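Trainee: If you're matching them up, the sequences are chains A and B in order. Mapping of the first sequence onto this note's numbering: position 71 corresponds to residue 71, and the numbering continues sequentially without gaps. Mapping of the second sequence onto this note's numbering: position 195 corresponds to residue 195, and the numbering continues sequentially without gaps.
Just so you know, these hints were derived from the structure itself, not from any lab. One should not assume that every hint holds.
To be verified - Listed next, the in silico DSSO-like pairs over lysine-lysine satisfying Cα-Cα at most 30 Å (straight line):
1) B:Lys148 with A:Lys4
2) B:Lys192 with B:Lys266
3) A:Lys41 with B:Lys148
4) A:Lys70 with A:Lys30
5) B:Lys175 with A:Lys41
6) B:Lys283 with B:Lys127
7) B:Lys148 with A:Lys69
8) B:Lys127 with B:Lys199
9) B:Lys266 with A:Lys70
10) A:Lys67 with B:Lys148
11) B:Lys283 with B:Lys62
12) B:Lys64 with B:Lys127
13) A:Lys4 with A:Lys124
14) A:Lys30 with B:Lys266
15) B:Lys266 with B:Lys231
16) A:Lys30 with A:Lys41
17) A:Lys118 with B:Lys148
18) A:Lys118 with B:Lys175
19) A:Lys41 with B:Lys266
20) B:Lys175 with A:Lys30
21) A:Lys69 with B:Lys266
22) B:Lys266 with A:Lys67
23) A:Lys4 with B:Lys175
Please read all numbers here as calculations on a predicted model, not as lab measurements.
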Amino acid sequence: MTKKILIIDDEEDVRTYLNSLLTNSGYHTKVADDGEDGFRKLTEFFPDLIILDIIMPNQSGVGFYRKLKKSEVHKDIPVIILSAVTQYKDFFAHDHQSVPRPQEFLEKPFSPQELLNKIATYIK
Amino acid sequence: MSPNQLDVSKEDPTRNDYPQLFQRVPCYISVQNHELRIVQTNQLFQQDFGNRVGELCHEVYKGKSSPCPECPVVKTFADGQVHSSEERVITREGQEAFVIVYTSPLYNDQGQIVAVMEMSTNITNIKRLQTDLSLMGQTVATMAHSIKNILTGLDGGIYVVNSGLQQGDQAETLKGWEIVQRNVARISNLVKDILYCAKKREHVLSIIEPNQVVCEVFELFRGTAALEHIKLVLDLEPKLGPILFNAEDLHTILSNLVQNAIEACKFDVNRREHRIIIRSLFKGPLVVFEVEDNGPGLPEEWENYFFTGMLSTKGRYGTGLGLLVTRKIVNELGGQITFSSLTPGEGSVFRVTFPLKSTSPTQPSPDTEANAAPIS
Numbered sequence: 001m002t003k004k005i006l007i008i009d010d011e012e013d014v015r016t017y018l019n020s021l022l023t024n025s026g027y028h029t030k031v032a033d034d035g036e037d038g039f040r041k042l043t044e045f046f047p048d049l050i051i052l053d054i055i056m057p058n059q060s061g062v063g064f065y066r067k068l069k070k071s072e073v074h075k076d077i078p079v080i081i082l083s084a085v086t087q088y089k090d091f092f093a094h095d096h097q098s099v100p101r102p103q104e105f106l107e108k109p110f111s112p113q114e115l116l117n118k119i120a121t122y123i124k
Numbered sequence: 001m002s003p004n005q006l007d008v009s010k011e012d013p014t015r016n017d018y019p020q021l022f023q024r025v026p027c028y029i030s031v032q033n034h035e036l037r038i039v040q041t042n043q044l045f046q047q048d049f050g051n052r053v054g055e056l057c058h059e060v061y062k063g064k065s066s067p068c069p070e071c072p073v074v075k076t077f078a079d080g081q082v083h084s085s086e087e088r089v090i091t092r093e094g095q096e097a098f099v100i101v102y103t104s105p106l107y108n109d110q111g112q113i114v115a116v117m118e119m120s121t122n123i124t125n126i127k128r129l130q131t132d133l134s135l136m137g138q139t140v141a142t143m144a145h146s147i148k149n150i151l152t153g154l155d156g157g158i159y160v161v162n163s164g165l166q167q168g169d170q171a172e173t174l175k176g177w178e179i180v181q182r183n184v185a186r187i188s189n190l191v192k193d194i195l196y197c198a199k200k201r202e203h204v205l206s207i208i209e210p211n212q213v214v215c216e217v218f219e220l221f222r223g224t225a226a227l228e229h230i231k232l233v234l235d236l237e238p239k240l241g242p243i244l245f246n247a248e249d250l251h252t253i254l255s256n257l258v259q260n261a262i263e264a265c266k267f268d269v270n271r272r273e274h275r276i277i278i279r280s281l282f283k284g285p286l287v288v289f290e291v292e293d294n295g296p297g298l299p300e301e302w303e304n305y306f307f308t309g310m311l312s313t314k315g316r317y318g319t320g321l322g323l324l325v326t327r328k329i330v331n332e333l334g335g336q337i338t339f340s341s342l343t344p345g346e347g348s349v350f351r352v353t354f355p356l357k358s359t360s361p362t363q364p365s366p367d368t369e370a371n372a373a374p375i376s
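Please put together the full structure from these sequences, using the hints given.
Mentor: And the structure:
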């Protein structure tokens, strides 16, 4: 069965890029442009993995991630953080809300092959 | 001997010349009583703040109706010790200045504290230098962040173009090409901003109608604001006639501030109806332009750091250097830019203030001419 990936990023160009890359690699995708939109799509789509940006309007990636980890239904979905802001690695390590760290961090600009390899680690 | 002459031939030349030392010391000195009223001032104080004896110090230094929190004068009255603090004050010409303040008790014959001397050294230039140095580092970080986002966009565009070509999908190829074009434009904007920050520019002045420039900026952004459901409002001062200025600079300054306000409103989730007011004002010797928004506002403590670009609320949009460029132009034109948050969560006002040039057709209003700012 085709695996499903939810892409959450506020930049349209990045969404288009990831959507094209992942579709060409055989995944079924859905895109969301902020954390709020991401949560709406999450409940409809129930993805196998989430690619998450950090700095977004309305609800940031941090807000989305905390909410996700508190949701009994969705908390086990693996998350790959894809952001240009590298210090969020440390932020999640010391997050006062004590949520588990995301599975992976990738820094923009990213290597498409590295992203595909990481995805393959979590959804086979 | 006149009180302005010092007799250096004496064994202790300072002994009988304290009044002159008090007057000539190159920092602001004011003496305050228990009510915090100024009872004595020195020459430099009078030059920059006027003759304000009898008035409350917080009114004179800051235009505030209540005493400052953590007031060093109050502390010295309480414990008789020397206290110090860094403060931001406003001179009588409306110019912002940073000062480092030391307070010291003054006793009567019975050993009671009857007054406190406040000695303030103007450190505005040092502050500016300090800010510029930290700006340099932060600007590099901002640029690196912008470049990373642009590179991701370019990678994406190239990938989508290749994918479209391989699949013979013209629509996909075109979509990729648009992404490439968009990100090339972002690089171009970034480079323009960097160059603007790096170079000292000549600002050729001519007689311009400032309200006309404000209207042009209003028209330029009306469509963009409407798309974001933001109401753009124009509030012009009709008395503001032609002035000696650079129209292109004014256009850049206001455009950056309006763009910044739009981004602030876009990222505000707590309010449904947003509005931005672009305002021109004419306050005696000063021409003032304001851009006010009802976005999320910013904490007051961010003010000193706001023009570092890194603290731009707009995150990845634009280059993040817009406010830095604005500050540079304003400073080069001899003006001042300040930012104030309205009540928390109620938006902010960016204000740029310029002294009128001597040859400006618009003249300072007669009631304030006596206190006119120096013509730069």
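Trainee: Confirm or reject each hint.
Mentor: Against the structure, the hints:
{"no.": "1", "hint": "B:Lys148 with A:Lys4", "result": "holds (27 Å)"}
{"no.": "2", "hint": "B:Lys192 with B:Lys266", "result": "holds (25 Å)"}
{"no.": "3", "hint": "A:Lys41 with B:Lys148", "result": "holds (27 Å)"}
{"no.": "4", "hint": "A:Lys70 with A:Lys30", "result": "holds (22 Å)"}
{"no.": "5", "hint": "B:Lys175 with A:Lys41", "result": "holds (24 Å)"}
{"no.": "6", "hint": "B:Lys283 with B:Lys127", "result": "holds (27 Å)"}
{"no.": "7", "hint": "B:Lys148 with A:Lys69", "result": "holds (28 Å)"}
{"no.": "8", "hint": "B:Lys127 with B:Lys199", "result": "holds (21 Å)"}
{"no.": "9", "hint": "B:Lys266 with A:Lys70", "result": "holds (28 Å)"}
{"no.": "10", "hint": "A:Lys67 with B:Lys148", "result": "holds (28 Å)"}
{"no.": "11", "hint": "B:Lys283 with B:Lys62", "result": "holds (18 Å)"}
{"no.": "12", "hint": "B:Lys64 with B:Lys127", "result": "holds (23 Å)"}
{"no.": "13", "hint": "A:Lys4 with A:Lys124", "result": "holds (11 Å)"}
{"no.": "14", "hint": "A:Lys30 with B:Lys266", "result": "holds (24 Å)"}
{"no.": "15", "hint": "B:Lys266 with B:Lys231", "result": "holds (12 Å)"}
{"no.": "16", "hint": "A:Lys30 with A:Lys41", "result": "holds (8 Å)"}
{"no.": "17", "hint": "A:Lys118 with B:Lys148", "result": "holds (20 Å)"}
{"no.": "18", "hint": "A:Lys118 with B:Lys175", "result": "holds (27 Å)"}
{"no.": "19", "hint": "A:Lys41 with B:Lys266", "result": "holds (22 Å)"}
{"no.": "20", "hint": "B:Lys175 with A:Lys30", "result": "holds (18 Å)"}
{"no.": "21", "hint": "A:Lys69 with B:Lys266", "result": "holds (27 Å)"}
{"no.": "22", "hint": "B:Lys266 with A:Lys67", "result": "holds (22 Å)"}
{"no.": "23", "hint": "A:Lys4 with B:Lys175", "result": "holds (23 Å)"}
Of the hints listed earlier, there is not a single one the structure fails to meet.
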